[in-house]
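Q: Those protein sequences? They're chains A and Y, same order as listed. With the numbering used here applied, the first sequence corresponds to residues 1 to 350, in that order. With the numbering used here applied, the second sequence corresponds to residues 1001 to 1297, in that order.
Keep in mind that the hints were calculated from the coordinates and are not lab data. Treat the hints loosely; a few may be bogus.
Claimed, not checked - A few chain A positions that, by computed beta-carbon distances, are all more than 12 Å from chain Y:
hint : residue
1    : Gly12
2    : Ala230
3    : Pro262
Said to hold, decoys possible - Estimated spans, in silico, between C-beta atoms of each pair:
hint : chain 1 : residue 1 : chain 2 : residue 2 : range
4    : A       : Arg316    : Y       : Met1086   : 29 to 39 Å
5    : Y       : Ser1060   : A       : Arg236    : 51 to 61 Å
6    : Y       : Leu1158   : A       : Asp40     : 47 to 57 Å
7    : A       : Thr51     : Y       : Ala1057   : 34 to 44 Å
8    : A       : Arg136    : Y       : Tyr1085   : 34 to 44 Å
9    : Y       : Ser1172   : A       : Phe203    : 45 to 55 Å
10   : A       : Pro336    : Y       : His1114   : 37 to 47 Å
11   : Y       : Leu1256   : A       : Arg316    : 42 to 52 Å
12   : A       : Ile108    : Y       : Gln1258   : 35 to 45 Å
13   : Y       : Pro1128   : A       : Asp168    : 41 to 51 Å
14   : Y       : Val1077   : A       : Pro224    : 31 to 41 Å
C-beta atoms are modelled at their ideal positions from N, C-alpha and C, and glycine is treated no differently.
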Amino acid sequence: MLDGRLKEYLTGFAEVVVAIVAGMLIGGLVMVIGGYNPVDAYYQLFVPSLTTGYGLEMTLSFATPIILTALTFAVGVRAGLFNIGAEGQMYMGALGAVIFGAITLPSILYLPLEFIVAAVLGMIWGVIAGILKAYRGVNEVVSTIMLNWIAYWIVESMRVYVIPNPVDASKTVSVPPAGRLPLLVEGTELSAAIIISILVLIFTYFLLWKTAIGYEIRAVGYNPLASRYAGINVRRVALYSFIIGGFTAGIAGFCEVAGRPPSYAITTGLSNLMGLGFDGLTVSLIGYNHPIGILLASIFIGAMKAGSRNMQIYARVPLEMVQTVQGLIIIALSIPGLLRIISRRIGGVR
Amino acid sequence: MNWSMIWQLFVQTLDASTPLLLAATGEIIGESAGIANIGLEGIMLISAFTAVYADSAFASPLLGVLAGLATGLLLGVVHGYISAYMKGNQIITGTGVNLFAAGFVAYSIIAFFHVAGYYTIDLSLTVPKIYGVSPIAISSLVIAVLAYYLLFKTQIGLAIRACGENPEAADSVGVRVELVQTLTSSIAGLLTGLAGAFLSIDWNASITKQMSAGRGFIALATVNFANWNPLLGIAGSFLFGFFWVLGEWIKSIGWLKQLIPVDLFNTIPYLATLVVVAGLIGRSRPPKYVGVPYKRE
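Construct the entire structure; sequences and hints are all you get.
A: Set out below in structure tokens:
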């Protein structure tokens, strides 16, 4: 049995590698058309961020939030839901944390309160989509995207009108030093947020695979009709899934505000948050929506995000190229048996 | 309120509804044959870019529109081929297209126009208006009516709907399910490409990296609202389009601006869409096999 399972894992891994290679090749073509050197770009994208100490630390710091937003998507998929609302839930979480920059408290209270309010705001944002799905039958793809945009404009108005930074117009107030997670390595952006992120990952793993709620979530995702006949409350399971997902996305927002120097705030147009929710989607899909896969995939995507600055500076390729390649990888990944198709073609040529 | 104001409101609503109606009409045709495409948002965005690019490169709005159409068609073919022939996961392909689009357009604005995030074209390069109304906006209405006729009054329409309702039966009477699905998905792409071109070189005279701003997903909501009927799609897109106009109109009220942050009014179209979709419960019925790859026994 173990052999069969191992083979399954290896095939899965190979499929992902093929999709990544395919995505990167087409991405390279896009760079050539734009007048850039793709070899140079990919070198700058991956080599410094995976082979140097500083690069690895930055890679991990970028993996931190996207592990959490990946969990949002993964818990959704496990329950048969396509929750693409991590983006907005993460915005709301970040808002929940950054608000404390404008509040005076005993210093010991900052971090716990930031964490709780961020997680709860993220959860509320998730649960709206959950209620709409469970009780009004609203397609979660539409509702979560609408909620993402609503969250974007709420946070953006708060940034401008409610909690602007008095000395720097490009961001909100920063959380005070007592409300910041300690850096693990001085001079990098790697903070204790990575520890929180991995703890949440382990917690989610146990929740999904070792508890009754997790069993129900996975059962509904596997076969909703059979689960209903078996007495599982499918609506409640959808709600749980959105609650857990909103929670982890909210924490991602907390990690970005409390754990990333230098701003410890939300910047203009939410530029320091934008895309982290959708990066999580990529991470989850590449990682087969499994916590261990997510951990590995987060390092891959984290490296790309860390390397994107290098790529922009030294290969002069706009850093948006990273998301372009991610999209291509996902398109390639959506083709089942891509590996088989390619190996058959190669075999045919021989 | 006089006639010219009412006319003004109508034209604004028509403009706001056009991208929704075009994408929704395409998606209704696609979903009727069983192919769902949540990548409308991305197709719209990429086509908006290619339309601006061709328009400014050749100083020809016509070529701009053609470039938008061609881009949409290409992406529709790719989505259809992966979905129908390769039995891919349609939701994931569509998501990939959305992610790709967000990156690609932001990248391309920098790579090809050498500006970050925002590029404007001269007003003389926009699609010429007919009596103040966009020809693309008028065509969107005509296309919706034609799509209704095609789907519900012709043999071809019957074959298309059979692919979405009962592909096995369609197959058994000689309908080439995969081919029909790829073609309908291509039409969905084509019309969404026109929607993209409309956004960038007709309604606006610019391209931004967030130009589609959720409209691809509101088009999906419109499909649901319309219960897969293009004529009802006209009503739905006018309703959802009106909320965009309403948001802009409220923003211009002076005393309200003093009370409430103006950015907050940008939530109106999204909020209204959510409320409308939430009120639809049980009213609409999707094609039975939408999103399910057809595999011959």
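Q: Each hint should be assessed against the structure and marked as holding or not.
A: Consistency of the hints with the structure:
Look at Gly12(A): its CB is around 15 Å from the nearest CB on chain Y, clear of 12 Å, so calling it non-interface holds up. At the 12 Å boundary, the C-beta of Ala230(A) stays outside the reach of chain Y, the nearest C-beta of that chain being 23 Å off. At the 12 Å boundary, the C-beta of Pro262(A) stays outside the reach of chain Y, the nearest C-beta of that chain being 21 Å off. A C-beta distance of roughly 36 Å is found between Arg316(A) and Met1086(Y), which places it inside the suggested range of 29 to 39 Å.
Taking 51 to 61 Å as the suggested C-beta distance range, the pair Ser1060(Y) and Arg236(A) conforms, at roughly 58 Å. Restraint check, Leu1158(Y) to Asp40(A): a C-beta distance of roughly 55 Å satisfies the suggested window 47 to 57 Å. Evaluation of the 34 to 44 Å hint for Thr51(A) and Ala1057(Y) yields a pass: the beta carbon distance comes to about 41 Å. Checked against the hint of 34 to 44 Å, the pair Arg136(A) and Tyr1085(Y) passes, with Cβ atoms roughly 36 Å apart.
The given range of 45 to 55 Å is respected by Ser1172(Y) and Phe203(A), whose C-beta atoms sit roughly 51 Å from each other. Range check, Pro336(A) to His1114(Y): about 40 Å between beta-carbon atoms, so the 37 to 47 Å window is met. Our hint of 42 to 52 Å for Leu1256(Y) and Arg316(A) holds, since their Cβ atoms are close to 46 Å apart. A hinted range of 35 to 45 Å holds for the C-beta pair Ile108(A) and Gln1258(Y), which are about 40 Å apart.
Separation of Pro1128(Y) from Asp168(A) is about 46 Å and conforms to the stated range, judged on CB atoms against 41 to 51 Å. Between Val1077(Y) and Pro224(A), the C-beta spacing of about 33 Å keeps the proposed range 31 to 41 Å intact.
Violation of the numbered hints given earlier is absent; every hint is satisfied by the structure.
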